[in-house]
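Colleague: This is what each chain is made of:
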Amino acid sequence: MKGSGKASVLPGFGLSLGFTVMYLSLIVIIPLASVLIKTAGMSFAEFWAAVTNARVLAAYRISFLTAFLAAAVNAVFGLLVAWVLVRYRFPGKRLVDSIVDLPFALPTAVAGIALTSIYAPTGWIGSLFEPLGIKIAYTPIGITIALIFIGLPFVVRTVQPVLQDLDKDVEEAAVMLGAYRWRTFRKVILPELIAPLLTGFALAFARGIGEYGSVVFISGNMPMKTEIAPLLIMTKLEQFDYAGATAIALVMLIISFALLLIINCMQWRYSRRVQAG
Amino acid sequence: MRIEVRNVTKRFGNLKAVDNVSFTIGEGKLIGLLGPSGGGKSTLLRMIAGLETPDEGDIILDGRRVNDVPPQKRGIGFVFQNYALFRHMTVFGNIAFGLEVKKLKKAEIRERVNELLKLVGLEGVANRYPHQLSGGQRQRVAFARALAPRPSLLLLDEPFAAIDAKVRKELRTWLKEMIEQIGITSIFVTHDQDEAVEVADEMLIFSNGRLEQQGSPVEIYRHPKTPFVASFIGESRVLQHPERLFGFEEAVGQGGKSAIIRPEFVEVGKERELSYPRSAQPGVVRQSFFRGAHLELEVEVEGNRLIAYRSLDREPLMPGEEVLVFIHRLYVLDGSSAILVENPLKTDPMPVHI
Amino acid sequence: MAGAIHAHLSDAASDRPAHATESRGVRIALITAALLFLGLIIVLPLVSVIVEALSQGWRVYVESITEKDALSALRLTLMTAAIAVPLNTLFGVAAAWAIAKFQFRGKNALVTLIDLPFAVSPVISGLIFVLLFGAQGLLGPWLAAHDIKIIFALPGIVLATVFVTFPFVARELIPLMQAQGVGEEEAAATLGAKGWQIFWRVTLPNIKWGLLYGVILCNARAMGEFGAVSVVSGHIRGQTNTLPLHVEILYNEYQFTASFAVASLLALLALVTLIVKAILEWKSGQRQADSEGGAG
Chain A
1 MKGSGKASVL PGFGLSLGFT VMYLSLIVII PLASVLIKTA GMSFAEFWAA VTNARVLAAY
61 RISFLTAFLA AAVNAVFGLL VAWVLVRYRF PGKRLVDSIV DLPFALPTAV AGIALTSIYA
121 PTGWIGSLFE PLGIKIAYTP IGITIALIFI GLPFVVRTVQ PVLQDLDKDV EEAAVMLGAY
181 RWRTFRKVIL PELIAPLLTG FALAFARGIG EYGSVVFISG NMPMKTEIAP LLIMTKLEQF
241 DYAGATAIAL VMLIISFALL LIINCMQWRY SRRVQAG
Chain B
1 MRIEVRNVTK RFGNLKAVDN VSFTIGEGKL IGLLGPSGGG KSTLLRMIAG LETPDEGDII
61 LDGRRVNDVP PQKRGIGFVF QNYALFRHMT VFGNIAFGLE VKKLKKAEIR ERVNELLKLV
121 GLEGVANRYP HQLSGGQRQR VAFARALAPR PSLLLLDEPF AAIDAKVRKE LRTWLKEMIE
181 QIGITSIFVT HDQDEAVEVA DEMLIFSNGR LEQQGSPVEI YRHPKTPFVA SFIGESRVLQ
241 HPERLFGFEE AVGQGGKSAI IRPEFVEVGK ERELSYPRSA QPGVVRQSFF RGAHLELEVE
301 VEGNRLIAYR SLDREPLMPG EEVLVFIHRL YVLDGSSAIL VENPLKTDPM PVHI
Chain C
1 MAGAIHAHLS DAASDRPAHA TESRGVRIAL ITAALLFLGL IIVLPLVSVI VEALSQGWRV
61 YVESITEKDA LSALRLTLMT AAIAVPLNTL FGVAAAWAIA KFQFRGKNAL VTLIDLPFAV
121 SPVISGLIFV LLFGAQGLLG PWLAAHDIKI IFALPGIVLA TVFVTFPFVA RELIPLMQAQ
181 GVGEEEAAAT LGAKGWQIFW RVTLPNIKWG LLYGVILCNA RAMGEFGAVS VVSGHIRGQT
241 NTLPLHVEIL YNEYQFTASF AVASLLALLA LVTLIVKAIL EWKSGQRQAD SEGGAG
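If you're matching them up, the sequences are chains A, B and C in order. For what it's worth, our numbering labels the leading residue of the first sequence as 1, then goes sequentially. For what it's worth, our numbering labels the leading residue of the second sequence as 1, then goes sequentially. For what it's worth, our numbering labels the leading residue of the third sequence as 1, then goes sequentially.
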């Protein structure tokens, strides 16, 4: 029914594909290649030194740990939010559903200053914890909270459609076999949600590693303590250490692309199993 | 388990899915709920299971009113139309599910699951996942899973609807044997007449939420009590001008009663082939269809279009041929009852129509 | 998260009989927990923007957003979006047309490439253009020789914004057009319609809601992009500052109220985006219901 590019009845294949590829090359491929070109100009020793010095490693550690923790929190609460939205009725549900998308639509700088002002020692929430000696802003905890804000929609929106389309029959089958809610949830529903949860987790994690705008205000950017990798790149650029910045960027790119591949792989495998089942 | 349904009604919005239905089912019987789609059969089954609640009336199991008893506690096994197997568990896991709920010991569970695997003939596939099985295999797993916790009642909701026609017949026979072997009271829902007739000990015919008739297949077939049942069971046809058929002028009369006829009641052929040739009526073959095991003829007699079967042993009859037709019996519909009327010309001492 | 337009909240799924849902107490507890979490993490920041912006009164608020540098930041933001969004829309439509209506090898690779900016940190998205067009970049000397400024000027900002936001329209249209198939377009072709006619009169009406949504989202991100633009802009007040950058500058100078005032404009943009999304979802849900009801 669908012909090959040449035999198809529809016009515009050459034009659209040509334009697409050209656009991609100019805007995406060539600029990204510049990272490789630049790092190719460094010797391996230089490169290695640039990506493994203590400050850089600390930055990776902070970025990865906070992103991981935030994604984990989002996995739990994102599931909760998705569950409540799909399965229960309550007033204002549609409003709540729209709000979930806010982190996705709100500019990161706005989120950044808002979160900082809330969790600073003088802020609405920060002031509640200050007397207990707990600091939130300017610590990794603050970073994590910012990343939780950023990553929530990824989990909710990947879990929600799956939950929505869940087969009613299997839950009834479990009921007829004597299972009550907790067992049904644990053994019948949850296994179906593992795949979208993992995907949502990976998406939130990938986004969290590279996040800049929402985090740069609340983190305080103290080297070795709350300096995230993207900020380190920024700092090096301001110091005209292009080589250093690029080296760190390359490592981050490799990790991001690996994550992207894993996510696509997981989604492909999930859709295959669903079709077969 | 004895089941009694008493004046049960269920509404969905303004529609009465089940309308004041009452019946009793005895211990150990295999019952078929039969009727056209939307007739309320599945809803009724689900109410017995506890998956729906009646708006009015009672469901009584073994003498106990269970309307308020949750499905988990009713001791009922349920087989779903689309199997509803747990995708992320193996066959073993699926069958073991109900036993794990009861917190049996691992060894006991293993023993019982293996027993069931043997019963349904799926010993080799214990460690496979549902998506690796065929449709027939999946249904057998669903069956084993429902039986594992030793329920007192088995409910099946259109168990073969999702299965290929070829496999369906085999599975049907297998199911009947299985249930007879185990001896468990069972109710299944179907819209397939052949299935109900072949499998069930007793049938309940439903239409528009109402119970039309309850009885054995033979009884329902021979003595349909309502017009719906008469026209639904078998390949029945309503006759346009029954009063013009030889022998039935009086029975049908001028009162405008209608009549229903079945192919088995009609004898068609040449004069030498018929049993009562001199009481037969002339007719014309309009259409002729090959049906594999016999020929199906559409014959027109005095403005009535009848279906008749003709054995392949005999000479085929072609459209346009003139034939003789003898009607052995008819169902005459009188208001809300259907009466089987034998052709009086069969017992007439002078079997010649004047 | 392509293809976000679908009425994904149906009340049917939330009407559950007693055996298929949790007890009332559990339900209330879970709903409360979810609402508390959302309120704390999502709503609170939004509210704080508005509160802080107005904390010194309405007059100060208006002054902050009409101040000279704020206005030029607004102008720059609007200009950037005015260039980036149409470009990306064109790309999105072309890419979706090529991918959805034809078969060719390497389609998967193409789709993955389109997803790329989502995997790249905004800072890196800016970095790559500095590496190409910066003074010490690959094309730096050539540009300097011809007195063309890209980095630290509008072109650089536009490029970085284009990079970060180009997947949005494409990701919205590709699944939509794939789901719609080629039937109608092929029918039009056999009736003699030419390429542009087919597109305007057959394809476009079918994709209009998805297209609109993709454009709205692309626009919201284009106006709100911070990290990438921060790297390429040079932060020159009044000249190369977009609205988000201006927010940062004000904040770093401890002009908190003014910072939040400008931020509130962006927050308003976000809210408008969400409202438009809700409307588009409702409309597309209606359309689905219509076509299901009317289907022969």
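Where hints are given, some of them may not hold.
Stated by the list, open to error - Only pairs whose alpha carbons sit at most 30 Å apart, straight line, appear in this in silico DSS-like list of lysine-lysine: (1) A:168 - B:270; (2) A:187 - B:102; (3) B:166 - B:176; (4) B:225 - A:168; (5) B:105 - A:187; (6) B:103 - A:168; (7) C:208 - C:107.
Stated by the list, open to error - Derived Cβ-Cβ restraints for the label pairs, each shown as a range: (8) C:54 - B:67: 56 to 64 Å; (9) A:220 - C:35: 25 to 33 Å; (10) C:191 - B:298: 37 to 45 Å; (11) B:69 - A:265: 23 to 31 Å; (12) B:293 - C:109: 33 to 41 Å; (13) C:25 - B:64: 40 to 48 Å; (14) C:205 - B:13: 30 to 38 Å.
Hint data in this document are derived by calculation from the structure and do not stem from the laboratory. Note that beta-carbon positions come from the ideal geometry of N, C-alpha and C, so glycine has one too.
Colleague: Would you list, in rising numerical order, the hints stated earlier that this structure does not obey?
Modeller: 1, 4, 11, 12, 13
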